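Q: Sequence:
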Amino acid sequence: MNKKRIKRGTRMLRKCYIAAACLIACMGGVQAQENTCVIKGRMLKDSLRHTPQRIQKIYLTQMDEYERMINVDSVKPVNGTFTFTRSLKQGEPELLYLLTGFDNGNVQLFVEPGTVEVRIPDAAFPAGGMAKGTPTNDLYNQYKEIRRLCIKEQTDTLNVWQEKHGESFNQWMSRPENQEEWVRVGAAAMVAASAAQLRFLLEHNDSPLVPLMLEKEVYPTLSKAYVQRMLKSLSPKLKKHPYYRSFSNVVRAQELKVGGELPDITLPLVEGGRKTLEDFKGKYVLLDFWASWCGPCRREIPYLIQLYNETQADCDRFVIVSFSLDNKEKDWKNAIRTHQMDKEEWAHASDLLGWSSPAARMLGVTAVPKTILIDPEGRVISFSLRGEEMVSRVKQILAGAPAFGEGDGKEEEKK
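Just so you know, the sequence shown maps onto residues -32 to -1, 1 to 383 in mature numbering (1 follows the signal peptide of the UniProt record, and there is no 0).
Keep in mind the hints are simulated off the structure, nothing from the lab. Quantities reported herein were computed from a predicted structural model and do not represent experimental measurements. Any given hint might turn out to be false.
Restricting the straight-line Cα-Cα distance to at most 27 Å, the calculated cross-link-like pairs of lysine-lysine (DSS-like) are [unchecked claim]:
no., residue 1, residue 2
1, K363, K311
2, K184, K225
3, K225, K243
4, K208, K57
5, K207, K100
6, K8, K57
7, K243, K207
8, K208, K100
9, K100, K184
10, K44, K57
The whole structure should be built from the sequences, with the hints applied where relevant.
A: What follows is the structure, encoded as structure tokens:
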């Protein structure tokens, strides 16, 4: 009797193990699906124009922060079809671009968990392709259709006005008062088109597509106050998404002033790796824009070294971040060593893009040297500290003096 019970118990235990193993395998499969995007594409016409030669490769690319197209994958199509499989680190939608090797545009698609279906009518004109099958791609298609209808309505409105005056239109437009009327008609049509797009975006304010479209297409047509309202209308759950942070930076950059929060910028470090200004929150930061070729910058270096030496006791509360606008890595690094700026707690960064640096453009830097003093919460204390005044002001603040005076945020704008 006992032996039968033991056998029965053993069989039940074995079944439990098998069931548990199956459950774990299923969970693993679900997790894999949740972190994988499969892109299945088809080109209805995949030959090169005016030649029987066929497309050899399809490229999947992304745009980096410097607006450069970077290849992330490529495949060889078979009979006009192709497949990409992308592992997603966080499962967040990201805009990528499919290229066929032609310069006639690309297919824009969002990689996110699921299967994205891509249809390209003609490989020579990839911009005519479309991606669908996942939530963000389907939403993007709806948005593009609304945008297309808005543009058509705007164009139709202007065409009606032009046809109204027939052959005399050019003569009619030669009068200044008529030119003003034409501008008013065009502006009204553009406002109506923008309003329709905005309504759609606000109805889907929890999608990462929305801050991306607001930044790329909509915000240039809006007032600063309205752009800020649009940012506040976005769902809080988007705050950690890169597209939200990017749009937030654009909004902050519209009003650079004392007391205002500085946009976040990327800092490619001299020793390798990257940080952002956000990484220094909790400390006072002196952000110093300079260049090895800049004479006035070299004259400021002794004051920066003095400030560094005299604030070592407060290195847990204060840091100097020098951002170079050099183009050549060798010149930048040599200048750091030559001028004895290579200190342990002194951060050096540069993207080696000179005046084309997104960081410089974002913060309105049009001349060097340029310093921006930032408080631990990321607010601007000053845009214009130099020399002895810079050393004195920072030391006073670290000693307990108020960082902001009455009226700060109104008096000193970016200089």
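Q: Now, for every hint given, state plainly whether the structure supports it.
A: Hints, one by one, checked against the model:
1. K363 - K311: Holds. K363 to K311 sits at ~19 Å (cutoff 27 Å).
2. K184 - K225: OK: K184 and K225 at ~24 Å, within 27 Å.
3. K225 - K243: Status holds; Cα separation ~23 Å.
4. K208 - K57: Answer holds: K208 to K57 is near 14 Å, not above 27 Å.
5. K207 - K100: Given pair K207, K100 holds - Cα atoms ~26 Å apart, limit 27 Å.
6. K8 - K57: Distance of about 20 Å is within 27 Å: holds.
7. K243 - K207: It holds: about 19 Å lies between the C-alpha atoms, which stays within 27 Å.
8. K208 - K100: Satisfied, since the Cα-Cα distance of roughly 25 Å is no more than 27 Å.
9. K100 - K184: holds (21 Å)
10. K44 - K57: Distance ~25 Å between K44 and K57 Cα, so the pair holds.
Checked against the numbered hints above, the structure breaks none of them.
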